[in-house]
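Enquirer: Listed in order, the protein sequences are those of chains A and B.
Numbers 5 to 115, taken from the working numbering, label the letters of the first sequence in order.
Numbers 7 to 126, taken from the working numbering, label the letters of the second sequence in order.
It is worth saying that the hints were derived from the structure and are not from the lab.
The model shown is predicted, which means the values in this text are computed figures rather than measured ones.
Beta carbons: idealized from backbone N, C-alpha and C, even for Gly.
Keep in mind that the hints are not guaranteed to be accurate.
[As the list claims (entries may be wrong)] Across the chosen pairs, the derived CB separations fall in these ranges: (1) B/K49 with A/G50: 45 to 53 Å; (2) A/P68 with B/K22: 39 to 47 Å; (3) A/L15 with B/R73: 33 to 41 Å; (4) A/Y39 with B/K49: 24 to 32 Å; (5) A/P68 with B/E32: 18 to 26 Å; (6) A/A89 with B/N90: 29 to 37 Å; (7) A/E59 with B/A31: 37 to 45 Å; (8) A/Y39 with B/N63: 16 to 24 Å; (9) B/S62 with A/K115: 24 to 32 Å.
[Claimed, not checked] PhoX-like cross-link-like pairs, simulated, lysine-lysine; straight-line CA separation at most 25 Å: (10) A/K111 with B/K22; (11) B/K49 with A/K48; (12) A/K48 with A/K115; (13) A/K111 with A/K83; (14) B/K82 with B/K49.
[Claimed, not checked] Examples of chain B residues lying across from chain A (beta carbon under 8 Å, computed): (15) L65; (16) S108; (17) S112; (18) G119.
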Amino acid sequence: EIVLTQTPRSLSVTPGQPASISCRSSQSLLHSTGYTFFYWYLQKPGQPPQPLIYEVSNRFSGVPDRFSGSGSGTDFTLKISRVEAEDVGIYYCMQSKYLPTFGQGTKLEIK
Amino acid sequence: QVQLVESGGGVVQPGKSLRLSCAAAEFTFSNYAMHWIRQTPGKGLEWVAFISHNGSNYLYADSVTGRFTISRDNSKNRLFLQMNNLRPEDTALYHCAKGLHSGSWSFDYWGQGTLVTVSS
Numbered sequence: 005e006i007v008l009t010q011t012p013r014s015l016s017v018t019p020g021q022p023a024s025i026s027c028r029s030s031q032s033l034l035h036s037t038g039y040t041f042f043y044w045y046l047q048k049p050g051q052p053p054q055p056l057i058y059e060v061s062n063r064f065s066g067v068p069d070r071f072s073g074s075g076s077g078t079d080f081t082l083k084i085s086r087v088e089a090e091d092v093g094i095y096y097c098m099q100s101k102y103l104p105t106f107g108q109g110t111k112l113e114i115k
Numbered sequence: 007q008v009q010l011v012e013s014g015g016g017v018v019q020p021g022k023s024l025r026l027s028c029a030a031a032e033f034t035f036s037n038y039a040m041h042w043i044r045q046t047p048g049k050g051l052e053w054v055a056f057i058s059h060n061g062s063n064y065l066y067a068d069s070v071t072g073r074f075t076i077s078r079d080n081s082k083n084r085l086f087l088q089m090n091n092l093r094p095e096d097t098a099l100y101h102c103a104k105g106l107h108s109g110s111w112s113f114d115y116w117g118q119g120t121l122v123t124v125s126s
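This is chain A alone, in the form it adopts within the complex (with noise of 0.2 Å):
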């Protein structure tokens, strides 16, 4: 099984800072077709996970684009330009390489 590594585990970002998420694989996640299957969701309080990044890098249709993915192999960062208020809740990676994982998640709030 892959495990998925999430750091920082929790975050508290004042609105308009910036904010990084790192999600570390326990292999990689390139697979032969040069695809890389990993993706970001964001779980808002009370609703289900709403996707934001596909394959790395691909914002989902309507994810705004102060939301970012970058990555490789192993090692891919989220990164949020300006934090809103509305952007609170618990982020999570995911691969499907290989049969889905997910990581333990990180949540974010407003300072």
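Given chain A, work out where chain B should sit, using these hints.
Expert: Same frame as chain A, but now just chain B:
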């Protein structure tokens, strides 16, 4: 907007069975793979099962293999999860999720979930 509504959860004794259902709307259900994912406060998110768009391919997490069966009825836009021989560790909020394409192991939209509690 994609709609996924789960039902069928409840309180059940260990060893018993339960059948979950997921009603899909606002997308062409028969074109997409579907998944079940469960969530607990302690273990977080755990992928449970996958079924391809036409039901010809399916996969299960090791923790449920041999006990759970995923199926779908494309004529009724419904996804199912038959859960047999339930264990206390199966207690969770069960979400259905839409695959990115017909055979995708990845997913985008999730339902709100239905709560399953396994307890004597």
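Enquirer: Next, verify each hint and record whether it holds.
Expert: To see whether the hints hold, each was checked on the structure:
1. B/K49 with A/G50: 45 to 53 Å: 20 Å, violated
2. A/P68 with B/K22: 39 to 47 Å: 45 Å, holds
3. A/L15 with B/R73: 33 to 41 Å: 38 Å, holds
4. A/Y39 with B/K49: 24 to 32 Å: 28 Å, holds
5. A/P68 with B/E32: 18 to 26 Å: With Cβ atoms ~23 Å apart, the hint holds.
6. A/A89 with B/N90: 29 to 37 Å: For A/A89 and B/N90 the Cβ distance comes to about 45 Å; the hint is violated.
7. A/E59 with B/A31: 37 to 45 Å: 27 Å, violated
8. A/Y39 with B/N63: 16 to 24 Å: 19 Å, holds
9. B/S62 with A/K115: 24 to 32 Å: Check failed, 51 Å falls outside 24 to 32 Å.
10. A/K111 with B/K22: Violated, because 35 Å separates the two Cα atoms, which is more than 25 Å.
11. B/K49 with A/K48: 18 Å, holds
12. A/K48 with A/K115: Given pair A/K48, A/K115 holds - Cα atoms ~17 Å apart, limit 25 Å.
13. A/K111 with A/K83: 14 Å, holds
14. B/K82 with B/K49: 33 Å, violated
15. L65: 7 Å, holds
16. S108: 15 Å, violated
17. S112: 4 Å, holds
18. G119: Constraint on B/G119 satisfied, holds at 6 Å.
Of the numbered hints given earlier, the model fails hints 1, 6, 7, 9, 10, 14 and 16; all others are met.
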